[in-house]
Amino acid sequence: MYIGIDVGGTYTDGVLIDGSKVIKSVKIETENNLSISVQQVLAKLLLNQENKNISRVVLSTTLITNMLAGIKKPPVGMLLLPGPGTNPRSQNFCSDYILLKGAVDYRGRIIEEIDFGEVDNAVKYFLDKSITSLVVACKFSQRNPFLENRIEHYIKERYPQVDVAPSNRTSGLLNWIRRANGTAFTLFVKNEYDKFMQRFEETIAEHEINCPVYILKADGGTLPLEIARQYPLESIFSGPAASTFGALATTQQDITGIMLDIGGTTTDIGLILNGIPLMAERGIYVNGYLVPVRALALSSLALGGDSAITHKNGQLGIAPRKGKACYLGGDSLTFTDILVYLEKSKLSSHPKIELALKEISKNIGRTAENIAEEILNQFIARIDEKIEEMFLRWEEEPAYRIFQIISGQETRPQTIICLGGPAQSIGSILAQKRNWRIIVPQHAEIANAIGAALAKTTLKMDVLIDTEQGRYSTNLPGLSGALSSRLLTLDEAKTFALEMFKGKCAEWKLVTADKELEDIEIIYEEGFNIVRNWQTNGKIFQIGLQIKPGLVNLLNEGTDAIE
Amino acid sequence: MQLNKTGLIFFPAFDWSISPTHPEREERLLYTRDQIFEEGIPDSSYIREYKPRLAAKEDIRRVHFCVPDVEDQTTEAHLISAGSALKLGDALMKNEIANGFVMARPPGHHAMRVVHGNRGFCNTNNEAILVEYLRRKYGLKRIAIVDTDVHHGDGTQDIFYHDPDVLCISLHQDGRTIFPGTGFVHETGGPGAYLKNINIPLPPGTGDKGFLRVWREIIKPVLTKFDPQLIINSAGQDNHFTDPLASMRVSAQAYGKLTEELQPDIAVLEGGYAIETALPYVNLAILLAMAKQDYSKVIEPQFEPAAVKQDEGITLYIDDLIRYWQDALSEDVPSKEDLFGEGKVYQRKKSIYYDTDGIRENQQETVQYCPECPGLYQVSSTARDQVGRGTSIWGLSIPLFVCDRCLEKGYKMWEQAIKEGKEQKTFAYYYLQDKKNDNYLKE
Ligand SMILES: [Zn+2]
Ligand SMILES: [Zn+2]
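Protein sequence lines correspond, in order, to chains A and B. Once you know that position 550 of the first sequence is 550 in the numbering used here, the rest is easy, because the numbers rise by one and skip nothing. Once you know that position 206 of the second sequence is 1206 in the numbering used here, the rest is easy, because the numbers rise by one and skip nothing.
Worth flagging that the hints you see were computed from the coordinates, not collected in a lab. Each residue gets a CB set at the ideal place from its N, CA and C atoms; glycine is no exception. Hints are supplied without guarantee of correctness; some may be wrong.
No farther apart than 20 Å at their CA atoms in a straight line, the calculated lysine to aspartate or glutamate pairs in the DMTMM-like style are these [to be verified]: (1) K1005/B with E389/A; (2) K1051/B with D491/A; (3) K1005/B with E396/A; (4) K1094/B with E389/A; (5) K1094/B with E525/A; (6) K1051/B with D1034/B; (7) K548/A with E525/A; (8) K494/A with E1372/B.
Restraint-style ranges between C-beta atoms, simulated for each label pair [claimed, not checked]: (9) D1357/B with W394/A: 38 to 44 Å; (10) T536/A with Y1353/B: 23 to 29 Å; (11) E507/A with S1296/B: 57 to 63 Å.
Using the sequences and the accompanying hints, generate a full structural model.
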């Protein structure tokens, strides 16, 4: 049996799946202490459960999002080695920084040496400000980490009180700003994240669960808990990824459509193309800063079932939640109340809804019905806007190879998969309003937990091999080095890359059976001659490999409520 | 929508080359990719990255007579390279961006109106395709093309030689010392477009100083006087002091400076074959200058002041060149009628060599004088490959701003030409290029 838990901002959902059937599901309000929410959900799922043969637990959590909420500038210092190029002063780094000498070029050649006197001054500058966490980021450090690592060792030896991290071990992505920011955020969250993981391991142990435990990543893949602990940032925004994979699991594995997940305070919109969610390959924004975390491409709307209805100068609007909803006996008229009033929801009504509507009606001189209809239309218009944004993003995804442009002409899908609490209501409204295919799967309200339970482990690796320099580098943290053998052909390079990929899969315990290794695919392969003075001086190979994101299993229950 | 953004299409065509060791090969933009990605350029708030698209065959026919047809002279890479220019042209005209840089390959500025094969690594002319597309779709008229590639932009010159509304300016290494061997000061445009083609042949060894002086003292005043609605920069980067095919001494800083002052609406990457030592830096400097960002730190690791210093003799030569152009441009322009002369017909014989494909083309051009419009253009052309196999074609081009009389006359000529062709088989193919009605025929 599989367990999936998704700790969201408003609710924590859990699900117990046997093969391809949902045995039990739980939905509770999320506590301030997320560990308690996890404990509660796990306890409820396993209560009176005789068969405790659990083979897989996957956790998706909003912990990192919560920790970083409101953090404008993590208390971390940056030592930056920019070398030639853009002016770093005009770049968007998330922390204070000092610029240092030392530079590496795109081939990994050192073109300027470090000045250790500058390093000392920089460390002292930050220590004077009581900053003891430091990032070292050098342009092209994934092509050659020597300078970053050299500075790391220098600081560790002389300043044992400093916690220093080089950017090449956060990510090998070709983007030093993202690597620097990602490393700074990682330094900031890692201790608390680690404590949370410790508690989670204990909770699992208390329930005598003895199976692999995974953490869901932002790209919908999973990492074993002990590996995930080292890369806390990877788990950010895993909630929408859980929902997207839930949409896949509860419909069909090769579906094409828009994923619409309406939560309490946010609505997420994603795109699934032939069973593959659209990715933000270069990463995402965290608090307005770019980080190198590969994630699903999502459009988010700060509106949900709990959003409050407002009116100002006769204008109606929808704003973030204020208090308890009217249908629950509270005083805050919410979007869900509107759905209840219009009889679009199965929730039972409450006299407070009509009272609140009458109040607005009196103020702006329009009928309650009229007000409710407009709110509904506003909500749908905002969703439409985000869907359009998603389509544009898909259509304008940059492409660097001919085949991508030749094959890239596809039509926009006209299918929406509705998930979340109000999915049923919104689904039926959308179905009436347009000719699209609307799917509201069974378990739509806990699809996120299903997605977490069933998400496969995945890995994507971009390898660059430079035979003239005798070096290889990858997008993965810390994975670069000297070539031990001379690779002459693309086939030899592919074999080398594949072996390295399998090695990483084994190290990170991503594959448990040899059969899964068959799922590895090569997504691109290129060999370039390095020609100098009309002579070939070696080769550069670029090879991309991946285990595709996907599901370990599909639900085989009847799915669609509305089609 | 942010109006101050610079549009970027980066299309390295990692899966296209002329041959494995040819300078125009897959690796050409590899290190540029590394530099601009590592710098986080596509993420920057001042950049808007676009996805390339394919140009349509009509877009090519609006400019070229491709022999025998467009699909024989273009690969998908050519259509994408041209399409990328059109995509940014559209974005500019729709006010989505303030300007744009088409960093795509293959290049195009050596491709002429008649295309029998590949010359100077080019088959189709991306800038010319962009000009005709923008004039057709958005009703623009006066456009200037400033070619800063080290090689003479002979293709662009050929295409617009008789067009008074397109100002072509090319600065380049003197044609006596480098491919394609043309681009001299006396090539000033046809009688109907006199002084709408300006060549600035620079001596080998010209450095940053000379490069920027001819811009400021020749090109800038010409541009100001012409007052174009749009400026396109053929942004070749082979004037760089490390370029293996040329002998100039220009740095990334000077390219940045020129771009900053020129303020092109669209820059289109042309040549530049120092793919490691120049391209990552020059491309970055141009892009930053277009986006009005600080490019002062884009300094090549090989840079030293001596690398861009020009000899005194060169400075003196450039002084003379500037004086020559300042004088020529201040003289009174003779009337169009006088320039056409007695016969009221302009005729020119030309021999063109296609270096990549080893083809020799002989052509004869005829332009008819018309007081109302640029006049009808005819070309007959025979191309032979190294073993003497040849193809002859005839083409008629009706200009975009044609007068009614010439338009009517053009169609009569076309009817007659194909009638004669059917009887006498003088030419293998006949082409009609009616830019006014966007009508392109082949017989
Ligand atoms: Zn050139
Ligand atoms: Zn006329």
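These are the hints, each one checked on the structure:
1. K1005/B with E389/A: OK: K1005/B and E389/A at ~19 Å, within 20 Å.
2. K1051/B with D491/A: violated, 31 Å
3. K1005/B with E396/A: Given that 20 Å is the threshold and the Cα spacing comes to 16 Å, the pair holds.
4. K1094/B with E389/A: Cα-Cα ~18 Å, so holds.
5. K1094/B with E525/A: Judged against 20 Å, a Cα distance of about 37 Å means the pair is violated.
6. K1051/B with D1034/B: holds, 18 Å
7. K548/A with E525/A: holds, 17 Å
8. K494/A with E1372/B: violated, 65 Å
9. D1357/B with W394/A: 38 to 44 Å: Roughly 40 Å apart at Cβ, these two residues keep to the hinted range, so it holds.
10. T536/A with Y1353/B: 23 to 29 Å: Holds, since T536/A and Y1353/B (Cβ atoms, about 28 Å apart) stay within the stated range.
11. E507/A with S1296/B: 57 to 63 Å: violated, 44 Å
When each numbered hint is compared with the structure, violations occur for hints 2, 5, 8, 11.
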